[in-house]
Amino acid sequence: MSRLRFVLTVFILPVFGTLAKAEETYIPGQPIDETFESLAAGFLDRHCIECHDDVTAEADLSLLELGPVDETNAAIWKSVWAQVALQEMPPKKKEQPETIERLRFADWIVGELQEAMKDKGGFTAHLDPNKGNFVDHNLLFGKLPEGVELVPTSTPARIWRVTPQEHITRLNELINTEPAYDPEKPGLRTRGDVVPTNHGGELKLYFGTDRIIRWEGGTVAYATAVKSVPVVLSSARKHGLENYPDFYSVNSAEATQIMGKAVDILKYMAYGPLSLVGFPEQITDDPKSYDKVKPKGDLRGLPTAIVYNTEVVRPLTPVADLMKEEAYTEKQLREAVDYLFEALTFRPPTAKESRDYLTITQDSIERVGKEDGVFMGLSAIFLDRDSLFRPELVESGKPDEHGRIMLQDWELGLALNHALRYIRPDQELRNAIVEGRMRTREDVEREVTRMLEDDSIRKPRVLRFFRDYFDYDLGGYICKDNAAQARTGAPNGNGHFRAMFDAAASTDRLVELILEKDQNVLRELLTTQQVVTTNSDKTYFGRKLTPEESKVAQAEKRAADKALAEALKVELEDVNAKLETLTAKLKEDDLDKDLKRGLTQEKKKLDDEKKRITRDAKRKKSNINTSVEMAEFSGPRIYARVSRRSFGTGSMKPDRQLATAPEGQRLGILTHPSWLVSHSDAMDNHAIHRGIWIRKRLLGGGIPDVPITVDAQLPDEPQNTLRERMRVTREKYCWSCHDKMDPLGLPFEMYNHAGLFRTTELGEPIDTTGEIIESGDPALDGPVENAIEMIQKLAESERVEQVFVRHAFRFWIGRNETLNDAPVLQAAHRAYRDSGGSMKALITSLVTSDAFLYRTREEE
Amino acid sequence: MISRRKSLQTLASGFGAAMGSSLLPDFGQAASSAAGGPKRVIFFLQNQGFDPKTAIPSGMKNTGSLAGVKLPTPISALEPFKEKLHIINGLHGIHTSPSHSAFFGALGGYRGSDGVPPSASTIDYELSKVLPETLLPHLCIGMDSMENMKAKPTVANLSASGAGQPIFMHSNPNHLYQMLYGGISQGEIRKQHEAKSGMFDRIEELAAAKGGNLPSADKQRYGQYVDGFSDINGLREKLGSVSDHLKDFAPEVDSRYTNPEFETDWHDSLLDLGISALKSGITSVLTIGSGRGEIFGAWKGLGVEQQGHNLGHMPQPDNPIWVKIRQYNSRMLAKLIEELESVPEGSGTMMDNTLIVYTSNNADKQHTNGANWPVMLLGNCNGAFKSGQFTQLDGKRPINALYTTILKASGVNCERFNMSEQMAAKYDSGSGPLKEILA
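Just so you know, the protein sequences line up as chains A and B, in that order. So the number in this note's numbering is just where the residue sits in the first sequence, counting from 1, plus 979. So the number in this note's numbering is just where the residue sits in the second sequence, counting from 1, plus 3.
Fair warning: there could be bad hints in the mix.
Stated by the list, open to error - If the Cβ cut is set under 8 angstroms, some of the chain B residues that face chain A in the computed set are: (1) Asn151; (2) Gln168; (3) Asn216; (4) Leu217; (5) Phe232; (6) Cys417.
Stated by the list, open to error - With a Cα cut of at most 30 angstroms, we get these calculated DSS-like pairs of lysine-lysine: (7) A:Lys1331 / B:Lys222; (8) A:Lys1275 / B:Lys429; (9) A:Lys1240 / B:Lys429; (10) A:Lys1377 / B:Lys399; (11) B:Lys194 / A:Lys1349; (12) A:Lys1267 / B:Lys429; (13) A:Lys1310 / B:Lys213; (14) B:Lys429 / A:Lys1530; (15) B:Lys303 / A:Lys1271; (16) A:Lys1099 / B:Lys241; (17) B:Lys153 / A:Lys1349; (18) A:Lys1273 / B:Lys303; (19) A:Lys1349 / B:Lys213; (20) B:Lys153 / A:Lys1271.
For the record, the hints were derived by calculation from the structure and aren't laboratory data. A quick note: this is a predicted structure, and the numbers were derived from the prediction, not measured. All residues carry an ideal CB built from backbone N, CA and C; glycine is no exception.
In isolation and in its complexed conformation, chain A is listed as follows (with noise of 0.2 angstroms):
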């Protein structure tokens, strides 16, 4: 657009603008229909162009020439719609738009883009969930302004792409026979639970290792000689909720793996470890007979290494009496495709499914014979839509008055049982599903009140939203600089990492132990003092010495080594005399035979212990941490759910202490290592991270995008303290958006990198003041001292909670909330609070509510 035309278009516009702002209404959802010129030209010179225009120019941006939405200026709409949406612009100071103005304004924007990009790769950030805070709050749980009228909410039709962690559980329960649940031992690995990632973080299906009982080498020699297979689906996202129906797709790549692994699956199901084997005789419960046998030479690993027992512990199914004899008949075939059917989908197969994979199980044995052709044919169950993609598509059913179609039978049944669950429906929500008894929001709310209350039914969807909403099981993927890392006074390389993995699933273990409880869960979590220990932890939890401490323990380590010496040096002489007397007295001539037996079997004592000392001597040193106050814990004995045996004695251990951590250093689970080490980098804290995720996670508020002009780089100043080198943050080009999140995540600069406590930094005692500004809740603004001042107050805050519950939405409705979902969203949060803040509360709210039960099809 020429400037002279928009500059005629704004001199028409503000008193058309204006008149028409007093007749509007509001209808979240519906489609804005309105051009440039009649919405957005008169929005801009209202509210945006007196600081945008070429002259002023704030922020270097001049809007004088925006015109409609193109793909050239995109990246500028994108801009707006944020500052818009998110309340950041006009400035406060500044007169503000109506908020139906606002909202119709963004709107606007979101439709243009849509439209503009799509032949582009689509324009979808509304969507995403780190854009779920774009919903004003007050909007949410506040009073409506007049004007907008709200619809009852539903959520479009979709099929939604099973997670990496959700396929690997599936799979797992081909091959593997899991441990019952052992209301003794809560926390142990358990049917039902999610697969957990191994020693090195890597998710993984395991073949066989509950069957092995020897191998040899080490633990690099067990990891690669045990079967095993890496997690095909992908997951791009690394903070955040991250499985949105709409993330995710299966490529061929990962299509073709599947079919590769399938054919390993079905064959462990037909044969078991046999299937792995280079020697039938690797199975015996007699390791010594395989030994007669077995290749000569270095076999650390090989596949021939492993011994496993005879015992029969994966699931014997119809695949493998189907490969029991080499004869078979179509039955057996047929109930071979079902029942794999239903293990893979979670739901029977019709007529024609079952029907279309006999045919091409039949056509492969014809082909290649039966051996390969089961498997083969079997396998192509394993990318079926339905074994990837769950479906809610609503095919059959009738709209209600606003369009509406209410998931009903399978579609409803698996609908719930993925709000909770990784594996099938368990037999009592599948009899319903059959029986016709999942259709209403009766049935929904009896289901999922038996399912939260039973904890024998594993809910790991549950454990998945709080690794999802606090992010406190990145630590082990945070690479760390060995001399930053050493200087933290916890360990450093592989040490630190597994540490890290252990610390993810002893945090796993706490938020399980508060969900038990389940009152004020949020809360709780946020201000509990209980801890979930390991050994390692005594230092993770640990205060970091001041120089000055440290130096007194050098010296106290110097005196104690010091005396350890010489109490060794003392002991020497002790045993060196007797066995100078000793030796004597054995060369004497006249010694009786069993007298000369004895005193040799005692110089041979002697010879032992002095060796021992010799050794002592040279490596015992005292226990005295020269860097670290290490935390001491006492408690009872729990335990964590661990990987299964992955690294051979280097495996990850279920082991833990229920302890209570150091007193006035820690606040709930924002101040343990696991989220700490979480949010931090190689090199040091990482304040801003933490800053953005009580900014967006806590206090429901959102920041835009980082422009692309911004070279986000802090100075390289190893003799500066992380909180100095942010001084760039604070030139006034970052400081509008930096504001609402550095002075959230400095406060945890009482703890280093490593998460450990500390009262100084490079000397000094610490800086740990931060501020909450712009909260939306004044009671919650003004300075805080540290971190647990800060915590305390954001634990006490409804609105905080409320965010929490949105969060939750998120989760498991799978997409962002509108206004239309405000009533769903109160509804939720008043179950929360009127419980004493029980999630099983807040999450049977919500999957009772329209927008899990409902689904919308597009108009044809």
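Dock chain B against the given chain A, drawing on the hints supplied.
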């Protein structure tokens, strides 16, 4: 979200190769993406470390020409190709944690370790996206002990198409042959190929039928899934449609495939298949993992009775076992060069447009901190790279800089590969390509 382009590029993984979207391979006639840059790149990673003393001519301490000096015994097979050789000493990979193998980190230039998933794509995959398009831009083969290759014919330890997205290596030559040359095969391989083809066609039909009634947004996303089968089936058809051409390159399936005496029979067969994929123009990037990126592996066919981890504990220089393994590698490199030299391309041969990168996924030795990561380059790509020389670097630039250099030569302008400025402040004394190796 997985884009269609990405989906096409990573079809590889299941097959051990990536697939491009061109209808026909270019058979070596594609325009290079950068003047004088490579049209194809081969990565050869021997496990357990690459001790520089097994490659640097005796007495050579400083950068200089290789003319007139004798290559050490372990790499003497490369003597006839000395003018194409560039031995580089003094890169580092400290940040990749390479002790016991950096796994994906070796080609990714980031931290890797046993059980650690890839945190980003690797250089071989990235190159497969930018080099002249071929049917299967990326093929990975992995050589190991016979037991491991049979029990685990595909593993993924070295290459990745993105964070958490490993690319599998092929280790069973029979499977790989079926994939590449099933259409021109005979007997049992043909039967298997046809059965699988029929099944994939049927799966595609079923998948497509279940996408008929989806909402429009999902149609596009689900369409990627169905298109994936079109890619798989399409690849087969495309390979089939050029079968006359492929016949000239397909190796003969002999007893080494079906009845191998030693694991090296399969190693040789895999190499033959890799070479045939390059020569026939099916592939532009070949990744060879000798030892498959782990700390084991076997070479009984060379008379090496010891295997696996112990090999890594031995010093390599003057060690008869390591001399044999390195000589075997060198013979493979020589074969690659000779075979590529035998195919005319432009005014020269395929080798004129090929870069071979030989190194280890374990830096210089098995238990290493990665302070030195020796590399040999073979081929100068029409003068894009310096060759016929030894270069001693100061140990302050990471292997990422080498990958940046290859990207640059391939027409991609980037300052760093998989390294943030923050990491670079600690681990890279410079930025951009290694000037020392670009002509």
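Verification of the hints:
no., hint, verdict
1, Asn151, "holds, 6 angstroms"
2, Gln168, "holds, 5 angstroms"
3, Asn216, "holds, 6 angstroms"
4, Leu217, "holds, 6 angstroms"
5, Phe232, "holds, 7 angstroms"
6, Cys417, "violated, 16 angstroms"
7, A:Lys1331 / B:Lys222, "holds, 22 angstroms"
8, A:Lys1275 / B:Lys429, "violated, 47 angstroms"
9, A:Lys1240 / B:Lys429, "violated, 41 angstroms"
10, A:Lys1377 / B:Lys399, "violated, 69 angstroms"
11, B:Lys194 / A:Lys1349, "holds, 13 angstroms"
12, A:Lys1267 / B:Lys429, "violated, 53 angstroms"
13, A:Lys1310 / B:Lys213, "holds, 26 angstroms"
14, B:Lys429 / A:Lys1530, "holds, 28 angstroms"
15, B:Lys303 / A:Lys1271, "holds, 22 angstroms"
16, A:Lys1099 / B:Lys241, "holds, 28 angstroms"
17, B:Lys153 / A:Lys1349, "holds, 21 angstroms"
18, A:Lys1273 / B:Lys303, "holds, 17 angstroms"
19, A:Lys1349 / B:Lys213, "holds, 28 angstroms"
20, B:Lys153 / A:Lys1271, "holds, 22 angstroms"
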